[in-house]
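J.: The residues making up each chain are set out below.
2 protein chains.
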Amino acid sequence: MYRTVTCGELRIADVEKNVTLAGWVQRIRKMGGMTFVDLRDRYGITQLAFNQGTDAFDKANELGREYVIQVKGKVIERQSKNKQIATGDVEIEVTSLVVLNEAVTPPFTIEDETDGGEDIRMKYRYLDLRRNCVRKNLELRHKMAFEVRRYLDEKGFLEVETPILVNSTPEGARDFIVPSRMNPGQFYALPQSPQILKQLLMVSGFDRYFQIVKCFRDEDLRADRQPEFTQIDCEMSFVEQEDVLNIFEGMSKHLFKTILNIDLPDFPRMTWADAMKYYGSDKPDTRFGMKFVELHDIFHAIEEQKVEAERFSVFANAQYIGGICATGCATYTRKQLDALTEYVKRPQIGAKGMVYARVEADGNVKSSVDKFYNQEALQQVATAMDAKPGDLILILSGDDAMKTRKQLCELRLEVGKQLGLRDPKKFSCLWIVDFPMYEWSDEEQRLMAMHHPFTSPKPEDIPLMDTNPAAVRANAYDMVINGVEVGGGSIRIHDAALQQRTFEILGFTPEEAQLKFGFLMNAFKYGAPPHGGLAYGLDRFVSLFAGLDSIRDCIAFPKNNQGRDVMLGAPGLVDQKQLDELEILIKEKDNQQ
Amino acid sequence: MYRTVTCGELRIADVEKNVTLAGWVQRIRKMGGMTFVDLRDRYGITQLAFNQGTDAFDKANELGREYVIQVKGKVIERQSKNKQIATGDVEIEVTSLVVLNEAVTPPFTIEDETDGGEDIRMKYRYLDLRRNCVRKNLELRHKMAFEVRRYLDEKGFLEVETPILVNSTPEGARDFIVPSRMNPGQFYALPQSPQILKQLLMVSGFDRYFQIVKCFRDEDLRADRQPEFTQIDCEMSFVEQEDVLNIFEGMSKHLFKTILNIDLPDFPRMTWADAMKYYGSDKPDTRFGMKFVELHDIFHAIEEQKVEAERFSVFANAQYIGGICATGCATYTRKQLDALTEYVKRPQIGAKGMVYARVEADGNVKSSVDKFYNQEALQQVATAMDAKPGDLILILSGDDAMKTRKQLCELRLEVGKQLGLRDPKKFSCLWIVDFPMYEWSDEEQRLMAMHHPFTSPKPEDIPLMDTNPAAVRANAYDMVINGVEVGGGSIRIHDAALQQRTFEILGFTPEEAQLKFGFLMNAFKYGAPPHGGLAYGLDRFVSLFAGLDSIRDCIAFPKNNQGRDVMLGAPGLVDQKQLDELEILIKEKDNQQ
Numbered sequence: 004m005y006r007t008v009t010c011g012e013l014r015i016a017d018v019e020k021n022v023t024l025a026g027w028v029q030r031i032r033k034m035g036g037m038t039f040v041d042l043r044d045r046y047g048i049t050q051l052a053f054n055q056g057t058d059a060f061d062k063a064n065e066l067g068r069e070y071v072i073q074v075k076g077k078v079i080e081r082q083s084k085n086k087q088i089a090t091g092d093v094e095i096e097v098t099s100l101v102v103l104n105e106a107v108t109p110p111f112t113i114e115d116e117t118d119g120g121e122d123i124r125m126k127y128r129y130l131d132l133r134r135n136c137v138r139k140n141l142e143l144r145h146k147m148a149f150e151v152r153r154y155l156d157e158k159g160f161l162e163v164e165t166p167i168l169v170n171s172t173p174e175g176a177r178d179f180i181v182p183s184r185m186n187p188g189q190f191y192a193l194p195q196s197p198q199i200l201k202q203l204l205m206v207s208g209f210d211r212y213f214q215i216v217k218c219f220r221d222e223d224l225r226a227d228r229q230p231e232f233t234q235i236d237c238e239m240s241f242v243e244q245e246d247v248l249n250i251f252e253g254m255s256k257h258l259f260k261t262i263l264n265i266d267l268p269d270f271p272r273m274t275w276a277d278a279m280k281y282y283g284s285d286k287p288d289t290r291f292g293m294k295f296v297e298l299h300d301i302f303h304a305i306e307e308q309k310v311e312a313e314r315f316s317v318f319a320n321a322q323y324i325g326g327i328c329a330t331g332c333a334t335y336t337r338k339q340l341d342a343l344t345e346y347v348k349r350p351q352i353g354a355k356g357m358v359y360a361r362v363e364a365d366g367n368v369k370s371s372v373d374k375f376y377n378q379e380a381l382q383q384v385a386t387a388m389d390a391k392p393g394d395l396i397l398i399l400s401g402d403d404a405m406k407t408r409k410q411l412c413e414l415r416l417e418v419g420k421q422l423g424l425r426d427p428k429k430f431s432c433l434w435i436v437d438f439p440m441y442e443w444s445d446e447e448q449r450l451m452a453m454h455h456p457f458t459s460p461k462p463e464d465i466p467l468m469d470t471n472p473a474a475v476r477a478n479a480y481d482m483v484i485n486g487v488e489v490g491g492g493s494i495r496i497h498d499a500a501l502q503q504r505t506f507e508i509l510g511f512t513p514e515e516a517q518l519k520f521g522f523l524m525n526a527f528k529y530g531a532p533p534h535g536g537l538a539y540g541l542d543r544f545v546s547l548f549a550g551l552d553s554i555r556d557c558i559a560f561p562k563n564n565q566g567r568d569v570m571l572g573a574p575g576l577v578d579q580k581q582l583d584e585l586e587i588l589i590k591e592k593d594n595q596q
Numbered sequence: 004m005y006r007t008v009t010c011g012e013l014r015i016a017d018v019e020k021n022v023t024l025a026g027w028v029q030r031i032r033k034m035g036g037m038t039f040v041d042l043r044d045r046y047g048i049t050q051l052a053f054n055q056g057t058d059a060f061d062k063a064n065e066l067g068r069e070y071v072i073q074v075k076g077k078v079i080e081r082q083s084k085n086k087q088i089a090t091g092d093v094e095i096e097v098t099s100l101v102v103l104n105e106a107v108t109p110p111f112t113i114e115d116e117t118d119g120g121e122d123i124r125m126k127y128r129y130l131d132l133r134r135n136c137v138r139k140n141l142e143l144r145h146k147m148a149f150e151v152r153r154y155l156d157e158k159g160f161l162e163v164e165t166p167i168l169v170n171s172t173p174e175g176a177r178d179f180i181v182p183s184r185m186n187p188g189q190f191y192a193l194p195q196s197p198q199i200l201k202q203l204l205m206v207s208g209f210d211r212y213f214q215i216v217k218c219f220r221d222e223d224l225r226a227d228r229q230p231e232f233t234q235i236d237c238e239m240s241f242v243e244q245e246d247v248l249n250i251f252e253g254m255s256k257h258l259f260k261t262i263l264n265i266d267l268p269d270f271p272r273m274t275w276a277d278a279m280k281y282y283g284s285d286k287p288d289t290r291f292g293m294k295f296v297e298l299h300d301i302f303h304a305i306e307e308q309k310v311e312a313e314r315f316s317v318f319a320n321a322q323y324i325g326g327i328c329a330t331g332c333a334t335y336t337r338k339q340l341d342a343l344t345e346y347v348k349r350p351q352i353g354a355k356g357m358v359y360a361r362v363e364a365d366g367n368v369k370s371s372v373d374k375f376y377n378q379e380a381l382q383q384v385a386t387a388m389d390a391k392p393g394d395l396i397l398i399l400s401g402d403d404a405m406k407t408r409k410q411l412c413e414l415r416l417e418v419g420k421q422l423g424l425r426d427p428k429k430f431s432c433l434w435i436v437d438f439p440m441y442e443w444s445d446e447e448q449r450l451m452a453m454h455h456p457f458t459s460p461k462p463e464d465i466p467l468m469d470t471n472p473a474a475v476r477a478n479a480y481d482m483v484i485n486g487v488e489v490g491g492g493s494i495r496i497h498d499a500a501l502q503q504r505t506f507e508i509l510g511f512t513p514e515e516a517q518l519k520f521g522f523l524m525n526a527f528k529y530g531a532p533p534h535g536g537l538a539y540g541l542d543r544f545v546s547l548f549a550g551l552d553s554i555r556d557c558i559a560f561p562k563n564n565q566g567r568d569v570m571l572g573a574p575g576l577v578d579q580k581q582l583d584e585l586e587i588l589i590k591e592k593d594n595q596q
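If you read the sequences in order, they're chains G and X.
Position 74 of the first sequence, counted from 1, bears residue number 77 in our numbering, the numbering being contiguous throughout.
Position 168 of the second sequence, counted from 1, bears residue number 171 in our numbering, the numbering being contiguous throughout.
Just so you know, these hints were derived from the structure itself, not from any lab.
Quantities reported herein were computed from a predicted structural model and do not represent experimental measurements.
One or more hints might be untrue.
Any copy, or any two copies together, can satisfy a pair, since identical chains are not distinguished.
[Stated by the list, open to error] Each computed DSSO-like pair below joins lysine-lysine, with the alpha-carbon atoms no more than 30 Å apart:
hint: 1; residue 1: LYS348; residue 2: LYS406
hint: 2; residue 1: LYS62; residue 2: LYS461
hint: 3; residue 1: LYS590; residue 2: LYS580
hint: 4; residue 1: LYS256; residue 2: LYS158
hint: 5; residue 1: LYS126; residue 2: LYS528
hint: 6; residue 1: LYS260; residue 2: LYS158
hint: 7; residue 1: LYS158; residue 2: LYS77
hint: 8; residue 1: LYS33; residue 2: LYS528
Construct the complete structure from the given sequences, taking the supplied hints into account.
T.: Here you go:
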């Protein structure tokens with residue numbers, strides 16, 4: 004070893020010890036007869052002191068930032084202690100210094116608050132990763148993955164590696180494909196998830212499977228999407244929904260406890276219907292209340308008592324009217340309210356407008372629609388909203404209840420953010436259950452599987468499959484933390500006749516079903532156990548623990564929005580020889596060429 | 004849960020308990036008024052007893068092999084106990100039986116000794132995986148991977164996921180490539196190893212990295228090769244060779260102890276030169292002795308005392324003559340010896356012939372070359388070989404010492420096998436060190452890096468780089484167990500000038516070196532620490548622990564020699580739409596089309 008101790012471990016008790024350290028030069032301070040160097044490694048920073056007149060002093064004065072050095076010396080007590088760092092009580096009186104490697108000046112400063120923009124940091128990601136704040140995220144990722152494995156191993160789960168070179172899947176997102184040299188004209192696909200393989204492992208009797216595994220989707224990228232991402236993929240046999248929820252609620256509690264030292268209460272279970280009704284979202288942020296109150300019955304009753312000309316047509320005709328009560332926000336200025344109105348009217352949200360009402364200190368309600376509603380009507384609303392003096396009521400309305408709820412959801416989140424109710428250090432976890440089995444697709448003009456076609460219906464809803472399939476609820480569930488869906492899954496269908504019935508509802512003929520899913524159906528014929536599972540997005544789970552907005556910051560070498568790794572220069576051109584061996588051609592842009 | 008206990012956990016102490024079990028029907032035995040069913044799950048087998056006259060009895064008689072059932076009943080003591088299985092003291096007096104899923108007859112028997120051939124088992128791999136002997140290998144794999152992680156985590160290693168979609172690497176095997184839809188005409192490559200990325204992580208100051216990671220090589224496949232395989236990939240900073248060897252020797256000991264309960268002694272370190280000299284292999288099987296004895300000096304001295312006509316020209320002209328002594332094998336018949344001669348003359352081995360000599364009970368030596376050598380000469384050889392009465396000496400010779408040693412290596416392994424000296428339950432581990440830096444390539448007509456171009460030379464051999472580069476030894480090492488190279492690595496070059504010098508020796512101009520390796524060299528300019536590491540082949544490591552000949556048996560879903568997953572049907576054809584989106588074409592076989 005080039006060192007006897009790391010840069011993070013010396014304490015006051017180590018004074019007088021002779022040590023060897025190695026690391027990077029973080030900072031150099033020349034102070035008359037002394038030169039001080041902050042030496043950095045993964046474990047911390049240790050101050051090195053060089054006294055004038057020594058060889059080491061002369062060498063130290065020639066060091067540059069990010070030089071890699073090795074020093075020997077004695078641990079001494081610091082005169083001015085630094086309480087900011089764990090080694091701040093001591094420094095090293097250096098007797099010898101060896102430069103292990105010089106460094107050219109990095110293109111940005113290696114500090115938490117760097118001067119480098121996103122592009123340059125990604126290009127030199129290996130330098131960006133030197134920054135403490137970035138490396139910490141990857142240390143957290145390591146710890147989380149390790150604790151996931153420890154927990155699942157203890158619960159009898161086996162980690163089984165499934166192949167990366169698989170076949171193209173029907174009915175999914177777009178696959179990445181890989182030409183096969185040994186089988187010209189044929190392609191492997193990279194897996195979007197090991198869904199079918201993990202179900203096969205249940206048919207194999209593996210009983211409890213998991214895998215922390217890379218998955219791939221060739222989709223246009225958003226800020227929180229990567230072409231390759233990591234799942235914690237799990238499946239269990241002979242289980243019902245509650246069994247899966249309990250095991251994985253336990254896993255989450257284990258992570259919160261071991262990683263963040265947070266004891267979580269049991270996770271509430273909220274039906275999908277309630278999540279939509281009270282939060283307008285299937286992944287509600289429950290760190291704060293501000294639940295929706297439905298007001299259309301109240302307003303319609305009020306409007307019906309009015310003559311046509313006095314009606315507020317927006318509300319009178321709305322299919323849905325819902326409000327939130329922002330506690331203590333009656334002090335919001337007109338400007339703030341206008342900004343909120345603009346916020347919900349942005350094309351991404353799409354509300355037509357916003358109605359607000361302040362409950363004043365004397366209990367009077369002043370609203371933006373005072374000319375349509377008398378105090379009595381407004382009091383009725385305030386009562387329904389449980390609004391108290393000092394509170395602010397915000398109301399959205401629309402023709403489409405689902406759309407309006409989603410708009411109201413955005414408004415709620417924005418107000419929650421403004422009020423500081425979305426503290427990244429506070430965690431609110433819950434299960435969303437009873438998802439609908441099917442959702443209507445305007446594009447496909449048919450019912451689609453909301454989760455996936457192997458998801459089982461709730462037994463009590465099976466009769467509805469014949470009469471009102473859109474009302475059938477599934478044994479499907481999502482784990483939601485702070486408004487983020489960190490995981491989700493379902494109990495699968497293991498009965499062939501029920502599977503056939505759901506394929507019919509999805510509009511597949513028996514032939515189509517056989518073509519698309521025949522392989523798995525065939526495997527099921529050999530004795531499939533009841534089974535179910537779920538998958539977590541590890542990248543998102545880690546970001547949540549780290550309090551990050553983007554998953555990119557917890558990925559060592561992420562890709563940009565064009566799917567490029569700008570550091571590696573991938574993707575890139577390949578040799579003609581490689582294409583020839585694979586018997587493929589690149590289509591020419593210009594036919595003339 | 005569909006069960007209160009698994010099929011592996013009931014014992015005599017559980018008698019009288021009411022339990023629910025679920026699993027697969029392994030076997031049904033009808034014995035007059037009783038029917039017995041062996042119920043199987045991952046955890047074991049439990050006998051179910053059905054009494055005539057019950058509903059359950061009638062249902063049990065209609066069960067087929069591999070049906071999935073759930074039963075309720077009482078644990079009772081068995082009259083005739085089965086000592087072969089852990090639950091053999093008890094059985095379940097079944098009161099109710101539910102068929103969870105029927106099963107068609109599987110295409111082969113789900114038993115350790117199955118009637119299914121390789122092809123059919125691979126096609127129905129999900130049924131093959133039901134067999135206890137196959138599933139055990141994957142349980143072992145899980146345990147090994149978990150213990151690797153536990154050990155490395157304790158030693159401060161961080162598992163960092165590196166990307167799967169990377170760029171094509173220079174100077175490696177053939178890459179699998181992935182067309183990029185967002186960057187038409189460009190391709191990702193799947194990594195052959197995360198070599199460059201792990202070295203970058205050292206530049207980033209990660210200090211101790213590991214990853215259990217899929218790697219990919221598009222090579223023609225042999226029995227122990229797969230297009231995708233799993234590495235335990237590791238790298239450390241501020242280390243010298245001994246540090247790496249100690250950490251990973253510790254890891255292997257930890258695995259042997261925790262998985263197999265074997266306490267291993269310290270691993271000997273053998274130089275590459277000695278391994279070649281004494282075993283003719285850089286991965287010697289040291290479970291047994293039978294080390295090579297070089298005999299050319301002895302034979303040449305003997306020959307020189309003879310007149311030309313009496314010389315044994317084969318030995319007289321051989322550059323290399325080497326023998327092994329098979330203890331107690333003087334009883335080998337002529338037929339056995341002829342078979343050994345045929346063995347070494349097979350084209351794969353390529354020896355021209357074999358000379359043998361038996362040391363008889365009276366000490367006389369009888370050889371196949373008695374007409375060329377008198378007893379005195381043969382006694383000299385026997386003494387050199389340390390051969391005792393009852394021993395058999397086997398000798399090979401040739402013009403090329405390296406080739407002949409490899410032939411003698413094969414002979415040694417075969418004899419060791421015949422003598423039962425290669426017990427898969429016995430383990431002999433060692434490090435091979437001091438590999439040559441370079442080896443001559445007849446094909447390329449230049450020196451090639453034996454390990455890879457970033458491997459550092461031994462400091463004391465650096466002067467030889469100018470005078471005799473072929474003699475330079477590297478800081479490279481392999482861990483060898485039972486004749487299998489389970490892992491290997493090196494201390495890397497971190498000095499730019501030394502790296503430049505080795506590129507020159509490899510025949511790269513500075514421009515070529517820049518083109519091929521410039522990216523990593525550039526990163527090194529920003530302060531690279533001294534670093535080194537190694538990688539294990541997990542598949543091979545697991546096979547070794549499992550005592551398997553092929554790595555395929557410890558992979559859940561392996562590919563065949565044509566790179567096909569016959570179960571999934573991968574690779575396969577893809578839609579024209581997919582190719583269009585990727586802007587690639589498949590080359591037509593027939594230009595007329």
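J.: Each hint needs a verdict: does it hold in this structure or not?
T.: Each hint tested on the structure:
1. LYS348 <-> LYS406: within (13 Å within a copy, 80 Å between copies)
2. LYS62 <-> LYS461: between (74 Å within a copy, 27 Å between copies)
3. LYS590 <-> LYS580: Classified as both: same-chain Cα gap 16 Å, cross-chain 13 Å, threshold 30 Å.
4. LYS256 <-> LYS158: both (14 Å within a copy, 26 Å between copies)
5. LYS126 <-> LYS528: Between copies only: 15 Å across, 52 Å inside.
6. LYS260 <-> LYS158: both (17 Å within a copy, 22 Å between copies)
7. LYS158 <-> LYS77: between (49 Å within a copy, 26 Å between copies)
8. LYS33 <-> LYS528: Between copies only: 25 Å across, 78 Å inside.
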